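Those protein sequences? They're chains F and D, same order as listed.
Quick note: the first sequence uses the numbering used here, first residue 5, plus one each step.
Quick note: the second sequence uses the numbering used here, first residue 5, plus one each step.
Any given hint could turn out to be false.
Because identical chains share one entry, a pair is satisfied inside a single copy or across any pair of copies.
[Unchecked claim] In silico PhoX-like pairs for lysine-lysine, Cα to Cα no more than 25 Å straight-line:
1. LYS393 to LYS223
2. LYS398 to LYS61
3. LYS313 to LYS392
4. LYS398 to LYS98
5. LYS64 to LYS342
6. LYS313 to LYS393
7. LYS200 to LYS283
8. LYS40 to LYS125
9. LYS398 to LYS36
10. LYS146 to LYS222
11. LYS64 to LYS253
12. LYS393 to LYS64
13. LYS245 to LYS345
14. LYS125 to LYS88
15. LYS84 to LYS61
16. LYS287 to LYS392
17. LYS398 to LYS40
Since the hints were made in silico from the structure, they are not lab data.
Owing to the predicted nature of the structure, the values given are computational and were not obtained by experimental measurement.
What follows is each chain in one-letter form.
Protein chains: 2
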Amino acid sequence: MRSNNNILIAQGGGPTSVINQSLVGIVFEERKNNSKIFGSRNGVNGIINNKFIDLSKLSKKDLNTIANTPGAALGSTRDKPDEKYCLEILKILKEKKIERFYYIGGNDSSDSLRIISEFTKRINYKLQCIHIPKTIDNDLVKNDHTPGFGSAAKYVAQLFSGINFDIKSLPGVYLGIVMGRHAGFLTASASLLRKKESDGPHLTFIPEHSFDMNDFLKKIKKVYNRYGRCILAISEGIQDKNKKLITQKIIKKSEYDSHGNIQLSGTGSLGDFLSEQIKSKLKLPRVRADTLGYPQRCFIGSASEIDQKEAYQIGVFAARFSNKNNDSFSAGILERKKFSKIYKIQFTVNSLGEVAGKTKTMTGNFYNKTTNNVSKDYINYALPLIGKKIITTKSII
Amino acid sequence: MRSNNNILIAQGGGPTSVINQSLVGIVFEERKNNSKIFGSRNGVNGIINNKFIDLSKLSKKDLNTIANTPGAALGSTRDKPDEKYCLEILKILKEKKIERFYYIGGNDSSDSLRIISEFTKRINYKLQCIHIPKTIDNDLVKNDHTPGFGSAAKYVAQLFSGINFDIKSLPGVYLGIVMGRHAGFLTASASLLRKKESDGPHLTFIPEHSFDMNDFLKKIKKVYNRYGRCILAISEGIQDKNKKLITQKIIKKSEYDSHGNIQLSGTGSLGDFLSEQIKSKLKLPRVRADTLGYPQRCFIGSASEIDQKEAYQIGVFAARFSNKNNDSFSAGILERKKFSKIYKIQFTVNSLGEVAGKTKTMTGNFYNKTTNNVSKDYINYALPLIGKKIITTKSII
Numbered sequence: 005m006r007s008n009n010n011i012l013i014a015q016g017g018g019p020t021s022v023i024n025q026s027l028v029g030i031v032f033e034e035r036k037n038n039s040k041i042f043g044s045r046n047g048v049n050g051i052i053n054n055k056f057i058d059l060s061k062l063s064k065k066d067l068n069t070i071a072n073t074p075g076a077a078l079g080s081t082r083d084k085p086d087e088k089y090c091l092e093i094l095k096i097l098k099e100k101k102i103e104r105f106y107y108i109g110g111n112d113s114s115d116s117l118r119i120i121s122e123f124t125k126r127i128n129y130k131l132q133c134i135h136i137p138k139t140i141d142n143d144l145v146k147n148d149h150t151p152g153f154g155s156a157a158k159y160v161a162q163l164f165s166g167i168n169f170d171i172k173s174l175p176g177v178y179l180g181i182v183m184g185r186h187a188g189f190l191t192a193s194a195s196l197l198r199k200k201e202s203d204g205p206h207l208t209f210i211p212e213h214s215f216d217m218n219d220f221l222k223k224i225k226k227v228y229n230r231y232g233r234c235i236l237a238i239s240e241g242i243q244d245k246n247k248k249l250i251t252q253k254i255i256k257k258s259e260y261d262s263h264g265n266i267q268l269s270g271t272g273s274l275g276d277f278l279s280e281q282i283k284s285k286l287k288l289p290r291v292r293a294d295t296l297g298y299p300q301r302c303f304i305g306s307a308s309e310i311d312q313k314e315a316y317q318i319g320v321f322a323a324r325f326s327n328k329n330n331d332s333f334s335a336g337i338l339e340r341k342k343f344s345k346i347y348k349i350q351f352t353v354n355s356l357g358e359v360a361g362k363t364k365t366m367t368g369n370f371y372n373k374t375t376n377n378v379s380k381d382y383i384n385y386a387l388p389l390i391g392k393k394i395i396t397t398k399s400i401i
Numbered sequence: 005m006r007s008n009n010n011i012l013i014a015q016g017g018g019p020t021s022v023i024n025q026s027l028v029g030i031v032f033e034e035r036k037n038n039s040k041i042f043g044s045r046n047g048v049n050g051i052i053n054n055k056f057i058d059l060s061k062l063s064k065k066d067l068n069t070i071a072n073t074p075g076a077a078l079g080s081t082r083d084k085p086d087e088k089y090c091l092e093i094l095k096i097l098k099e100k101k102i103e104r105f106y107y108i109g110g111n112d113s114s115d116s117l118r119i120i121s122e123f124t125k126r127i128n129y130k131l132q133c134i135h136i137p138k139t140i141d142n143d144l145v146k147n148d149h150t151p152g153f154g155s156a157a158k159y160v161a162q163l164f165s166g167i168n169f170d171i172k173s174l175p176g177v178y179l180g181i182v183m184g185r186h187a188g189f190l191t192a193s194a195s196l197l198r199k200k201e202s203d204g205p206h207l208t209f210i211p212e213h214s215f216d217m218n219d220f221l222k223k224i225k226k227v228y229n230r231y232g233r234c235i236l237a238i239s240e241g242i243q244d245k246n247k248k249l250i251t252q253k254i255i256k257k258s259e260y261d262s263h264g265n266i267q268l269s270g271t272g273s274l275g276d277f278l279s280e281q282i283k284s285k286l287k288l289p290r291v292r293a294d295t296l297g298y299p300q301r302c303f304i305g306s307a308s309e310i311d312q313k314e315a316y317q318i319g320v321f322a323a324r325f326s327n328k329n330n331d332s333f334s335a336g337i338l339e340r341k342k343f344s345k346i347y348k349i350q351f352t353v354n355s356l357g358e359v360a361g362k363t364k365t366m367t368g369n370f371y372n373k374t375t376n377n378v379s380k381d382y383i384n385y386a387l388p389l390i391g392k393k394i395i396t397t398k399s400i401i
């Protein structure tokens with residue numbers, strides 16, 4: 005049995021458009037138990053620096069507004085706790101008599117939570133660690149998809165759909181570099197609003213399939229000869245056959261975070277490098293590269309309503325489950341067996357060890373190596389996640 | 005008097021999210037006169053290549069869908085007609101018995117139209133040339149603002165508003181490079197959804213004020229010391245005190261179009277260069293640059309409803325005016341004397357010579373050199389143009 009209802013919530017890793025939905029879902033549910041709710045500023049970093057926000061007293065109206073706001077309302081971090089860090093966390097947890105800790109985050113944050121969970125278990129401090137999934141990369145194992153992905157996918161799909169009409173107007177080669185370190189799910193979403201064969205993206209390159217420059221150029225040429233234009237969706241995480249990142253091959257000085265991740269976003273270098281290759285080797289006119297960057301995870305006003313709802317509900321689900329069970333867990337969305345017309349999901353519970361720090365990639369039937377593009381299966385899988393259609397479009401040329 | 009109702013419509017330059025609204029406005033209005041409506045493919049280029057689309061017969065439903073679709077539905081061009089080009093145009097105009105030509109475009113397209121208008125006048129071919137303004141740059145003289153700008157401004161404002169929350173979550177320096185060759189109007193729109201002093205963009209750099217690297221770095225440092233983060237909106241067209249583009253100083257090989265414009269978009273080089281300067285000289289952590297690129301003019305689902313309406317109506321206005329007058333003209337939006345609470349515009353007519361090829365820049369009270377940011381006057385001017393508010397946001401840190 006627990007001795008109190010003091011709970012701690014934090015948010016970690018790259019924020020999303022709906023990460024605050026999960027936060028608010030937990031807060032509303034926990035308030036029913038009169039829990040004292042500590043919000044840690046900037047993830048685990050706020051614990052060791054004793055920086056907390058009292059989430060027990062915010063008005064209902066304010067909480068609803070926060071839920072709709074992108075970014076991590078409590079702030080985020082890329083800190084990875086080591087033994088010393090865990091000891092500092094423990095000191096504060098004891099001081100505040102906290103026995104439950106909700107961490108909303110992706111692969112790395114779930115790994116931080118696993119470390120803390122194993123540490124407290126080892127030293128016999130009773131702490132229930134609860135992981136709430138979020139990542140625009142959609143790369144958490146044991147999950148059909150992750151909250152945050154649907155909204156980012158919607159942004160990417162809307163962007164490429166607009167680009168399709170723009171490049172039809174002034175033809176050329178267009179490269180859109182999409183976020184995704186290891187998994188191609190988000191890059192694949194560039195095709196979600198594609199209507200016909202001649203629509204872009206005509207080619208999609210993801211980290212799961214090794215990138216070969218000659219093959220890349222040959223395929224662009226073929227599409228260009230056919231349609232007079234070529235639109236490409238390219239993952240920032242594309243790698244050569246030796247699993248070396250293309251970005252790493254072209255940038256001299258790389259920046260890494262504490263989880264060992266190299267900085268891929270916030271620079272246009274991959275797009276510019278690929279552009280130069282196309283210009284110099286294929287001599288095609290009007291080659292343009294855009295790196296989609298941070299707006300993918302925070303653009304105001306293009307959150308998917310399905311994603312918002314699920315992010316909120318998984319928070320509520322986790323809070324309810326936590327109040328009936330004492331073990332640590334990772335809340336999840338059960339993998340759909342098939343992608344039927346009626347979209348329905350079910351929440352589930354995984355052990356922290358099953359999920360933490362692991363990466364799901366886009367395998368199986370979601371990508372067609374022959375067409376170098378996403379499959380109908382992927383469309384059926386991902387289309388419901390971006391919510392309802394925005395506008396109907398039409399082309400006459 | 006005209007001998008017939010044969011009209012020609014074309015679209016030129018960089019497309020916008022609402023350029024097809026103007027097209028459809030003209031078509032609906034001209035249909036009332038039973039005009040035969042030729043749509044030229046890819047601007048003036050379609051005339052000399054005899055590539056036309058019959059716009060007289062498209063269904064009302066299709067036309068309404070086209071109006072909502074970004075990109076130039078007829079295709080666009082950057083061609084600038086010379087004497088030989090004009091002779092080829094003339095041949096086709098005579099063949100098709102066309103006496104009226106609507107050209108929807110910005111500075112360069114209006115200049116193409118002026119050239120054609122002067123040519124036909126000189127050789128005594130009766131052609132009414134009608135310019136319909138469009139440009140996301142908002143830099144046409146004699147116009148309060150231009151159709152296309154409001155939607156692009158809305159996209160930029162939504163993007164920076166989201167970025168503000170993202171960078172609050174994971175602090176650092178963020179540079180957003182915004183389209184705008186000569187005028188800072190679009191870059192300035194990054195501030196339209198800013199609510200308080202601490203919100204980004206904290207600094208805005210526009211082409212109208214010369215860019216000095218030392219001053220730039222000093223100001224970033226000051227903001228960073230104050231807020232622990234710094235968000236910057238930077239125009240792709242920033243120039244040094246000798247009016248030399250910063251981009252031109254860092255790119256070895258530049259690409260120019262037939263109007264003499266250097267390629268600024270579709271590359272991340274300016275953002276990457278400025279990032280490197282900040283990293284190496286200020287030693288600040290987490291410096292990220294995104295180049296907003298082509299989505300600014302075509303992102304699906306973030307068109308401003310005011311902009312859509314005005315783009316449509318200016319097409320209707322021009323068609324009505326043309327049917328009562330024989331002289332060439334440029335349709336326009338009369339400059340508002342003051343920016344009162346009730347937003348109201350009035351269409352007007354300018355001579356082609358007054359508008360063609362000229363560039364309006366952001367001068368006067370719209371920018372504050374001391375704060376290096378936009379003024380309240382600019383906000384009052386531009387806020388109505390992006391239409392109604394999307395969502396309400398809230399921050400707790």
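Hint check results:
1. LYS393 to LYS223: Answer is neither; intra-copy 31 Å and inter-copy 43 Å both fail.
2. LYS398 to LYS61: Close across copies (15 Å), not inside one copy (50 Å); limit 25 Å.
3. LYS313 to LYS392: Classified as both: same-chain Cα gap 13 Å, cross-chain 24 Å, threshold 25 Å.
4. LYS398 to LYS98: neither (62 Å within a copy, 32 Å between copies)
5. LYS64 to LYS342: neither (38 Å within a copy, 40 Å between copies)
6. LYS313 to LYS393: Close inside one copy (17 Å) and across copies (21 Å); limit 25 Å.
7. LYS200 to LYS283: This pair counts as neither: shortest intra-copy Cα distance 27 Å, inter-copy 44 Å.
8. LYS40 to LYS125: Result: close within a single copy only, 23 Å intra versus 81 Å inter.
9. LYS398 to LYS36: between (50 Å within a copy, 23 Å between copies)
10. LYS146 to LYS222: Neither way: LYS146 and LYS222 sit 37 Å apart in one copy and 49 Å across, limit 25 Å.
11. LYS64 to LYS253: Neither: 50 Å inside a copy, 53 Å across copies.
12. LYS393 to LYS64: between (30 Å within a copy, 21 Å between copies)
13. LYS245 to LYS345: This pair counts as neither: shortest intra-copy Cα distance 38 Å, inter-copy 61 Å.
14. LYS125 to LYS88: For LYS125 and LYS88, the Cα distance is within 25 Å only inside one copy (16 Å; across copies 84 Å).
15. LYS84 to LYS61: Neither. Shortest intra-copy (30 Å) and inter-copy (64 Å) distances fail the 25 Å Cα cut-off.
16. LYS287 to LYS392: Neither: 41 Å inside a copy, 45 Å across copies.
17. LYS398 to LYS40: Classified as between; 22 Å across copies, 54 Å inside a copy.
When each numbered hint is compared with the structure, violations occur for hints 1, 4, 5, 7, 10, 11, 13, 15, 16.
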